[in-house]
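Colleague: Start from chain A and add chain B with the ligand according to the hints.
Here is what each chain is made of, one letter per residue.
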Amino acid sequence: MGGATGLVLLQLASFAVASGAANAVACVFGDAARTGGSRFSAAAGWGDSWGIWGMFSAAANSALTARRHMHEFGTTSLQLAEVAVACRRHASLNEAASMREPITVEDHQASRMVVDPLRLLDCCLISDGGVAFIVTSLERARALRRRPVAVLGVGQANSPETIGNPAWWYVPHQETAAQAAYRMAGVAPRDIHVAQLYDNFTISVIVWLEHAGFCKRGEGGAFVEGGRIRLGGALPVNTAGGNLSESYMQGWLHIVEGVRQLRGECGARQVPGAELCLVTGRGMTLNCAAAAVLARG
Amino acid sequence: MADKPLPTITDENRPFWEATRHGELRLQRCRQCDRYRYPIAASCPRCLSLDAEWAAVSGRGRVFSYVVFHQVYHQAFKDDVPYNVVLVRLDEGPFMFSNVVGVGNEQLRCDMPVTVVFERVTDEVTLPRFRPEDNR
Ligand SMILES: [Zn+2]
Chain A
1 MGGATGLVLL QLASFAVASG AANAVACVFG DAARTGGSRF SAAAGWGDSW
51 GIWGMFSAAA NSALTARRHM HEFGTTSLQL AEVAVACRRH ASLNEAASMR
101 EPITVEDHQA SRMVVDPLRL LDCCLISDGG VAFIVTSLER ARALRRRPVA
151 VLGVGQANSP ETIGNPAWWY VPHQETAAQA AYRMAGVAPR DIHVAQLYDN
201 FTISVIVWLE HAGFCKRGEG GAFVEGGRIR LGGALPVNTA GGNLSESYMQ
251 GWLHIVEGVR QLRGECGARQ VPGAELCLVT GRGMTLNCAA AAVLARG
Chain B
298 MADKPLPTIT DENRPFWEAT RHGELRLQRC RQCDRYRYPI AASCPRCLSL
348 DAEWAAVSGR GRVFSYVVFH QVYHQAFKDD VPYNVVLVRL DEGPFMFSNV
398 VGVGNEQLRC DMPVTVVFER VTDEVTLPRF RPEDNR
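So the protein lines, in turn, are chains A and B.
So for the first sequence, this note's numbering puts the first residue at 1; every next one is plus one.
So for the second sequence, this note's numbering puts the first residue at 298; every next one is plus one.
In short, the hints are calculated from the structure, not lab data.
The reader is advised that the hints may include incorrect statements.
[To be verified] If you want a taste of the chain B side facing chain A, the calculated C-beta under 8 Å gives, among others: (1) PRO304; (2) PHE366; (3) GLN368; (4) TYR380.
Since the structure is predicted, the reported quantities are computational estimates derived from the model, not experimental observations.
Idealized CB from N, CA, C, for every residue including glycine.
So that you can see chain A by itself, here it is in the shape it has in the complex:
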């Protein structure tokens, strides 16, 4: 399920523990996309039909979303830059991040076009690495040395259609996934202190802000202005640097960063008083979405 996989496994593992089917579940991810050769430039979509017109790459799908978002709502490349700058600033405070050199909006605007309207600094990294997390009962976790983090709510939603669905470009199933997670957790967007939003491309953060209810449809571009998603802002997003600047572990590190923030382990990038974190993921072209609400245990 691509970039939704980590959260989907978190959901399955939580259910397995809650049902008594398992005492503890290790969820494990590894990838060698950087040294092993990226697979992300293949014909976008399924079958051979899109490459006929030169439609390749995950970047192009998100570029289509960005262009339509710009057209309908007035979103700008400068607003996309805000997302890239915030993620890089956060990565600069994360010793484990791959890209720590701070960037400016001007750097973003000067970076080369990849698939217009997306520039190089709108795109996530391609990385080697591994991630694991362990899910067990809260009771069991409380007996361990580290502060536990509770999985309050999880949700996933998937679309079997691509362009056959007129709303496909806007990935409406993301909203369904986020709402399911909020409902199970019994919390609302205004309760969230910090968010780890899937950022394969900058535009994805803007769309997730809308789908996760932090602003209304079309307002994501304005939301990211004025440092609102930076540390110290109203809703710090991707506090470790995200897929854009920490490492492209396909969203798995978003879960890890959620856990670290709620444990208060983040040092210079710690969000003070963080008790609730929303984590989101999205994968398989635009078709799989998942979300989780994590809480300080």
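Modeller: Below, chain B with the ligand alone, put in the same frame as chain A:
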């Protein structure tokens, strides 16, 4: 250098490619709910009926969204960059990927009206592309 991708013609999609070869855009239309559909599929995504006919469409639509490739993802497109790919919404409802020809990339706009043109690529394959349509 690798050739550009061509469609794999199957029993399911042959009517589409035979129609374009003859300068016509035909899509599947569900006989149960009358909706046109694309991508080509065995069943209707709305009512699941397997009963469909191939019906000619107007070839007119609007650019829903568009992108311009600067990155070369496939070597056969190396000399084409920067080239556009558009998502066209046909007047009959379905969306399809294509390219807009006869206009500079900088003149592309969302919602601009377009109409189909046919470009022969091989003896077997003629690609539907679109050109801007004025006065709409
Ligand atoms: Zn039907």
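Colleague: Take the hints in turn and mark each one as holding or not.
Modeller: To see whether the hints hold, each was checked on the structure:
no., hint, verdict
1, PRO304, "holds (6 Å)"
2, PHE366, "holds (5 Å)"
3, GLN368, "holds (5 Å)"
4, TYR380, "holds (6 Å)"
In this structure, none of the earlier numbered hints is contradicted; all agree with it.
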